[in-house]
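Participant: Take a look at the letters that make up each chain.
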Amino acid sequence: MDGSTILARLRARLGARVLETHEHHGDHTAVVAREGIVDALSYCRDNAELRFDMLMDLTAVDYLKFPGREDGPRFDVVYHLYSVAHNHRVRLKVQVEQDAASVPTATGLWPIANWFEREVWDMFGIRFEGHPDLRRLLMYEEFVGHPLRKDYPIERRQPLIGPNV
Amino acid sequence: MPERTARELFLGEGPGTGSGSQNLYVNMGPAHPAMHGIIRIFAELDGEVVVKGDVEIGYLHRAFEKECEIGPYNNAIPFTDRLNYVSPLINNFAYASAVEKLLDIEITERCKYIRVVMSEISRVCDHLTCVGASAMELGAFTVFLYMIKAREFLWELVEDVTGARLTISYGRVGGVKADLPDGFGIKVRKAFAEVRQVLSEVHTLITGNRIFMDRMVGVGALSAGESIAWGITGPLLRAAGVPFDLRRVQPYWAYDRVEFEVPLGKNGDNFDRYLVRMAEMGQSMRMVEQALERMPGGAINVDFEGREIPVDAYVDLGKQGKTEGLLLLPITLSPNLQGQGRAAQERVNVADKTVVMPPKETAYGSIEGLMNHFMLVMDGYGIRPPAGEAYFAAEGANGELGFYVVSDGSDRPYRVRCRPPCLPPVAALPRMIEGQMVADIIPTFGSVNMIGGELDR
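Chains A and D are the protein sequences, given in the same order.
Taking our numbering, the leading residue of the first sequence gets 1, the next gets one more, and so forth.
Taking our numbering, the leading residue of the second sequence gets 1001, the next gets one more, and so forth.
Where hints are given, some of them may not hold.
The list that follows gives simulated cross-link-like pairs (lysine-lysine, BS3-like), each with its CA atoms no further than 27 Å apart [stated by the list, open to error]: (1) Lys1187(D) - Lys1149(D); (2) Lys1112(D) - Lys1187(D); (3) Lys93(A) - Lys150(A); (4) Lys1190(D) - Lys1149(D); (5) Lys65(A) - Lys93(A); (6) Lys1066(D) - Lys65(A); (7) Lys1190(D) - Lys1112(D); (8) Lys150(A) - Lys1066(D); (9) Lys1190(D) - Lys93(A).
Derived list of chain D stretches under chain A, where covered just means 3 residues or more per stretch with a C-beta under 8 Å from a C-beta of chain A [unchecked claim]: (10) 1382-1390; (11) 1396-1406; (12) 1412-1418.
By construction, these hints were calculated from the structure, which means they are not laboratory data.
Even glycine gets a Cβ: it sits at the ideal position worked out from N, Cα and C.
Working from the sequences, and respecting the hints, build out all of it.
Facilitator: Next up, the structure:
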């Protein structure tokens, strides 16, 4: 199924909860409202014609310093879905504000979402509601802040941890 | 619970020991030889059976994604070398292709073939390392030595082309750094003969070996459905019988112009993963041979006529400002150390000078080249893809290697995300080892082919 048909399906199913769709360089993207994301993901996974059975990637982008989006929602949580059965792809996005940086978890749909979401929490500080074990994945527990946020300076040093340091 | 004395602990007496078995907690890693240095499995054992495993990563985290944000697009190439240190060429090309997608440019036909050739050589190196190391961990040290010997032949090929063995920095946005050297096809044939010999020896040594099979067959298995749910791609998914190979299902570069088979397993256990990797090496070599045969552009590297000067002397002259007549001088350049021949450059790279880095000879040898170079690397200059986003996926040695690049229209990437192929299998590792014996952790972890640089980034 080609990308624009997939997007049309999503629009038909989710209605106004699909905020925007676009195509960049052959990749098709749907921006979904925060409350509709789990619905959209499970529809993508379970619909027989879509069958997006693999959550290929889950990441986030901090748009704090993006020209034209300084005042918009700060983060995008980005889902890359792939269908092994039908060999097609789609990208879903959820926009979240800094103050309410949380998205419902997808761990109920794909077990791999567990680690991907932990990584996003670790790097961006976006919470996933209902995640069974939201710990940091790459940084250590005592690390302060979220390094991939645009306002986290790259030169910042954090104190060494351990006894008597 | 009251404290137990040392004597009670030693004898297994005292409160808390009388009510049946107690589970034991064992830390494997992060400095355990079988954990390849940088991963920790916190295992709860009942006797020798793993009840629960918690996998901890991040010991090698170097902020790859953050580092990419601070420099121009081309500056990320050396960082991508360090993602997978056994097949860095694939990482180079995949990142470059993502940026090319963002720029909407198409690389030349010859360059596509070069990328296929170098990627497949890397894949064989990767599989040799993985199979050799996991066989060694099971005691088959001969296999490790043989396979590392074979890898050495291939690394010599890589060194011939790129000038380096590991940190190759060979890919470029819009092309590759240099053309293939003279007589490369002959060297490839020689190296492949050696590798094929090693593969058949290894088959004889371990494929039917009782000890090896006892430890691999039926161990660490994941079904096809489970593998898909865990986001697992590459040899691990194919070992479970799913014919998902990006080179076949969504061909890129020149993969649709070479013939190959996608080897499949059935049970998804460690033994199937081993067999799939062994078969894939054969297919990769087959692809390289076809690509070399069909590579457009005639002879590899042009034969320059006339005077020859060594590359270093040429570059030194340029650096000293003695550039008079330098560009008119016909030279034979080593394609791997400094840059590439002028005539070859036209063939390999795209013509757009606002995208592709000029070869070092041109940068050192002429003011135009120097300006061209500076305009691509200086702060505030460099290539500027239009604002937007692109995801490019290549079939890495471990599975889908994806780069998601977001551009804000400036000269540096706003965000670079690497989808590491070995993260999903490592996340699923507890699922593979729970219920197995503690000794089964070793072959299972080996079969996952965890690459720290890529996993932690």
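Participant: Against this structure, judge whether each hint is valid.
Facilitator: So, going through the hints one by one against the coordinates:
1. Lys1187(D) - Lys1149(D): Measuring from Cα to Cα gives roughly 16 Å; hence the hint holds.
2. Lys1112(D) - Lys1187(D): 20 Å, holds
3. Lys93(A) - Lys150(A): 19 Å, holds
4. Lys1190(D) - Lys1149(D): 14 Å, holds
5. Lys65(A) - Lys93(A): Between Lys65(A) and Lys93(A) the Cα gap is close to 18 Å, so the pair holds against 27 Å.
6. Lys1066(D) - Lys65(A): Holds, because 14 Å separates the two Cα atoms, which is no more than 27 Å.
7. Lys1190(D) - Lys1112(D): 23 Å, holds
8. Lys150(A) - Lys1066(D): 9 Å, holds
9. Lys1190(D) - Lys93(A): Distance of about 50 Å is beyond 27 Å: violated.
10. 1382-1390: Coverage by chain A holds for the stretch 1382-1390 of chain D (4 residues, Cβ < 8 Å).
11. 1396-1406: holds (count 4)
12. 1412-1418: holds (count 3)
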